[in-house]
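Letter by letter, the chains look like this.
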Amino acid sequence: MKRLSPDLLLGGIFAGGMALAVLSSGWTFPDNGEAMDLTARLRAPFADWAHPLGTDPIGRDVLARVVAGGWVSLTVGMLSVLGASVFGVFMGLIAGYFGGVWDLVVMRWADVQLALPFILVAITFTAILGADQYFLIMFMIIAQWVQYARVVRASVLSLREREFVQAARAMGLIDLAIIWRHILPNAFGPVLVLMTLNIANNILLESSLTFLGLGIDPITPSWGGMLADGRTYLQTAWWVSVFPGVAIMMMVLGLNLLGDWLRDRLDPRGG
Amino acid sequence: MMMRMRSLFVVLALGFAAPVQAGGILTLAQAQDPASYDPIDTFLISWGQIGSNVFDGLVQRGADMAIKPALATSWEFLDGGARMRFKLRQGVTFQNGEAFDATAVKFTFDRLLGPDGAKGPQQSNYNAIGSVEIVDPFTVDIVMKRPDPVILTKFAGYGAMIVPPKYITDVGKDVFKIKPIGTGPFKVVDYQPKVSLTLEPYAKHWEGISKLDKLIYRFIVEPDTQVAELQAGRIDIATNVPVSLVPAIEKTATLKVESITGPSVTVLRFNTANGITKDERVRKAMIMAVDRETIVKTILQGHAKTVVSNQSALSFGFDPNQKPVPFDPAGARALLKAAGIAPGTPAQIDFQSNNPLFREVAQAVAGYLTAVGLKGGVKGYEMNIMTNDIIPNGKTAEMFQFGWGGWTFDYDNTAYLLYHSGERWNPYDKDPILDKMLEDQRLSSDRAQREKLLQGVAHYVADHALEIPMYNLNTIFGVNKRVKGLVPPADNRFRLTDVTVD
Chain A
97 MKRLSPDLLL GGIFAGGMAL AVLSSGWTFP DNGEAMDLTA RLRAPFADWA HPLGTDPIGR
157 DVLARVVAGG WVSLTVGMLS VLGASVFGVF MGLIAGYFGG VWDLVVMRWA DVQLALPFIL
217 VAITFTAILG ADQYFLIMFM IIAQWVQYAR VVRASVLSLR EREFVQAARA MGLIDLAIIW
277 RHILPNAFGP VLVLMTLNIA NNILLESSLT FLGLGIDPIT PSWGGMLADG RTYLQTAWWV
337 SVFPGVAIMM MVLGLNLLGD WLRDRLDPRG G
Chain B
3 MMMRMRSLFV VLALGFAAPV QAGGILTLAQ AQDPASYDPI DTFLISWGQI GSNVFDGLVQ
63 RGADMAIKPA LATSWEFLDG GARMRFKLRQ GVTFQNGEAF DATAVKFTFD RLLGPDGAKG
123 PQQSNYNAIG SVEIVDPFTV DIVMKRPDPV ILTKFAGYGA MIVPPKYITD VGKDVFKIKP
183 IGTGPFKVVD YQPKVSLTLE PYAKHWEGIS KLDKLIYRFI VEPDTQVAEL QAGRIDIATN
243 VPVSLVPAIE KTATLKVESI TGPSVTVLRF NTANGITKDE RVRKAMIMAV DRETIVKTIL
303 QGHAKTVVSN QSALSFGFDP NQKPVPFDPA GARALLKAAG IAPGTPAQID FQSNNPLFRE
363 VAQAVAGYLT AVGLKGGVKG YEMNIMTNDI IPNGKTAEMF QFGWGGWTFD YDNTAYLLYH
423 SGERWNPYDK DPILDKMLED QRLSSDRAQR EKLLQGVAHY VADHALEIPM YNLNTIFGVN
483 KRVKGLVPPA DNRFRLTDVT VD
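Going down the list, the sequences are from chains A and B. Position in the first sequence counted from 1, then plus 96, gives you the numbering used here. Position in the second sequence counted from 1, then plus 2, gives you the numbering used here.
Only chain B is shown next, with the shape it has when bound in the complex (with noise of 0.2 angstroms):
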């Protein structure tokens, strides 16, 4: 009874304490609750919608991909580009009134590449930088181990994000990472695990205040819930709409459907090492037996540009002349019977269990090697497994389904991953050749330069069919058209400073 009065008494203080409505409140949902919103923390997409409100980086990205400046007001490049000077913009403060200065700069990226850092997945992003050097209050020298051409990049995203020194001492991390500071427009004002968190705006971020009252993100893991709650205008965007419910949004008057180009490039990649697959043959056979324009004309219904690397037309690296594999049945037959495989060999396609579309994706392609005289099948795996134990341990099929953000849009940061040896994404191969052209790259301070052996490592993967090149998948969204000013950038990192609801 007492519970019961109490709750009472806070729902009748809500009630009165509601400020008048002007920017409205916008609710969001998305598919995951990243858990931990420590930045070190994690790498994925939903952290990065989310964290891109409540933290500022050194510099940021707009929806145009151009970098700006953000906390750094200017930097420069000095000693031939081994250390970079930041000078950081004054009087900002973080959202619980600590100041920001040199020292949060230094404390986050100590924090990132110390012990903390190393048991989370940014480490690795960041470790070309050797230290970071105090000049002045407002002047800090970043310095490289070894060059990151992409380094400036990284400064506007996920585990760069600059924390608070104080507060992250005071609290420590258990408490940090799930009631984050940052400098950022939104402060977390609420948190329920699974179900929501609730942000608002930050009155004295220095870009000036955001016009919502309120942004609340709700964690929706079905997408057919998301869509259903859209309809019912119980939220303004969702943010995983499969193509299969796109109609549903479309035939809705309220509704609108944004489909935009995303990071997210899919790949069927193959095991180089064991089996049928082994030989280079036959996987060359099974590129030119998938026709993956149809699939994309036709499961995609056209959210997607087929791709010839694991890489969009966004990135950097990206290669305009470089051809796809055509769709070739009758020469992928010649190929596998040149190669001496039997009729009805099984080829297996190992792929996440959760994600219904490419569930569908995946027994089109069994289709067509089915087609040309292979046995494709399908195995459908739990997410983690699939994650931390086959792909990594190297206990694939013939096939797997392999998914990559590449926020940054530099083929670095999927091709070093995915392709050289001993890294955590590349269970099978070993390969001298490619070692060296993805370390030659790294090396190289010359942007056209590395551009050109960036595209001479896809065409590498490409000409030894390491990999069936799938899609770039468009993100799509559903919005109530009552969101105004929203700007959805190809990297789907909202920053909804902006943003208003009618």
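Chain A on its own, in the form it takes in the complex (with noise of 0.2 angstroms):
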């Protein structure tokens, strides 16, 4: 039985552990964080079992927000990541496979794109337009999809002069088909490789933005959210932002992690 990897083991672990403890924020808090008590703020941690991991300036419990601030990092890193992936790998696929004139267009785009400084374009947005995590997720789709892009167009690339696919192509195959059943699959592992990464990428910008104050309302609770919360505090009362920074850290490392371990298990020439 081979060794088991310790970057899967950690990285399962800690971003594993923390998507579970998210998911089931709902029955474990159902106030969702929300509650206040403006008698009970800046609570230390660990000193009472109503409020393991102390209260915020405005008496909110911060392990419920910790817990149920994930829900925001989760969504708006799989959903951009998954919007950003099917785009982009449709993109490449067609500029990879058909080249010429197609690839000439999508690749120009992209180069165009890559140009632009995505943190200052999503700033000046979300400034103006007060912007909720919903236009985030569209924005990461929009700067995003070219990386996916690039990548599969490559592989497609090298995969198209192959002997099977010109053996499917001499038995007839349609297009589709070929890219379907034989290239898609082939081309798929560095994508897989940079959704792991660019979920962690997302999660860390949705909280910089946030913490910015720029993303989501602050009543809904967020990592970035509450790091922003705790900005005038960590001189008085550190825990406010540390244990939503743990959070972070938490997931992207696992999520990195695994990340790690999955192109490894993928390339060829490792291991």
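Among these hints, one or two may not hold up.
[As the list claims (entries may be wrong)] Example chain B residues on the side facing chain A (calculated, C-beta under 10 angstroms, incomplete): (1) VAL245; (2) VAL248; (3) LEU257; (4) VAL259; (5) GLU260; (6) ILE297; (7) LYS299; (8) THR300; (9) ASN356; (10) GLN365; (11) ALA366; (12) TYR370; (13) ALA373; (14) VAL380; (15) ILE387.
[To be verified] Looking from chain A toward chain B, a few residues come up when the C-beta cut is under 8 angstroms (computed): (16) ASN128; (17) MET132; (18) THR135; (19) GLY309; (20) THR332; (21) VAL342; (22) MET345.
No lab work stands behind these hints, which were simulated from the structure alone. Since the structure is predicted, the reported quantities are computational estimates derived from the model, not experimental observations. Even for Gly, the Cβ is constructed at its ideal location relative to N, Cα and C.
Two chains, two frames, some hints: make the complex.
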């Protein structure tokens, strides 16, 4: 039996554990961490069981908010990556398989997008439009499909000259079938790695934008929003921002470890 | 290489030239660089703090809020108050040597009331003035177009600060606004936009030379950074201390906290034109739903007082007998029910996202609204978007944050601009009765009667539930104990002539 990779183990524990806690928050904290009590503000952590991780400046339970706050992060992370990868893979397949003018149009479009500083554009748009999380997701999809398109196109360029694809073509299979049956499955490995890493990136991005006060309504718990809540309390009530910070770190670290493991598994030259 | 050599020489030269410290160097941090130091360009408190040291007005207001002579030594009211005659101080010079006389006064007000002033926000504060007439080189008459009961106070600051005619004509506005010259106790010697402004005492100031050797304003946006700099001893006064950082300053032995009544009042105004808040009963219910005393005690840690109208207790027009609407969640629920509001109806508060303190207050208010059956929500906007688009164009949700400085401490300055029809800060209300009340008090020349009328406005606004009066927040300064002789005035406009640093 193969030795269990430490990447997989740790990544699974961190990301899996966090995801499990977040997904079960509907049962564990039915108030979604929104119940406030001004008379119990800024309670220190590890002092009493009612608030194991303390309370924030308006008396909301930090543990409940950390756990429930993952919803926003996970939703934004997952949906944006799903959307970007579906669109990006589609564009990459077209560019790589059909080539010619298709390739030219898609890749120049991609070049133009890569030249734009995404974070600045996102900040500008969210500042003007006061955006919500679905807007953020849309924005990430628009900004990130390029990465998938380029990765897929590169794989397709080499795959379409391989013998098994030539054979399929010689047997008279239509393009759609060749792409679906022979090219996509073989080009998908790198995409999967990219997706894992991008979920982590997008969680960070969502947190940053929310921290700047540009993302999500501060009543709805979110990790970036909690960091912003605790920003002026770092010297006096560290727990308000440290625990959501730890949550972000565990989630992102876990996802990155899983991504590394996945890449090692899928890389034929690796072990 | 040349560059480096040259900067080395500069450093050496400065090192040798540094005079013996007598009054010391005072470094003061404030959040905002007003960017233009031209008095007609601004209504920012950050300008007022600096401008009060660079410029003088005809009169000045001390830390006790009393009006005292400044560039004018005396004044009298003629023609039943329609004409004010000012005797000017002789022998005063601007910091560039230019002489101060009646021409400068006339130039200042002609500029303020003319096309130059029309581009800035200050003109509207002074457009009760008709003209300025020079009687002799040291006597001017200011002729009023219509009465302005607060005009004397307004001569003590902002747009009415006296500017040098020859200098402005020579260098033009674009230079003047970054290299301002006034008659004030400190002159600007260096300006690094968004970084710092350095001033030195003006040796020939008419009140005598100030004690400090140098006065440096540093522009530090982040309150945490201001406090960290204060703790490290790199600044002497932090002017933007959020309530949350007060304990951090208190536990540092070399620092102290000054928490004084400030001019700014925060209210939550209603969108009275659209949605559920169009109904007066709903607005009343929302006022009853919010426990403002608890918010002041907890989130604001007592560094504020609840208010009953959009003015502090220092303001002219404040009625000590006006009673606040009591906290009554049951009554609020009943009123909402009577108004036919379904449980879970959203009620959103729009606020400026760069204000961490109000971010907490807004969430607490939303929590109280949720507790009486609405669905309280908050939405942060970037400051410029909020003040230039969302509010003036009437795009707010049910409620919006509104903070008002009111440095004149006269309710007219707030009430007229916020409640009179057609004003920029009044996107929703058109109430002829209220308009009439606001106009009448401006026409009244009898002080006691005008106070009554202003109190009437405050009662009317409260009776019609146009806003949730929230609190009058203290101005909190963090001060290094080595700073001596500092008397923080309630309007935040420090005049630092007598301050020294050990």
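Structure-inconsistent hints, enumerated in ascending order: Per hint list: 3, 4, 5, 16, 21 and 22 violated.
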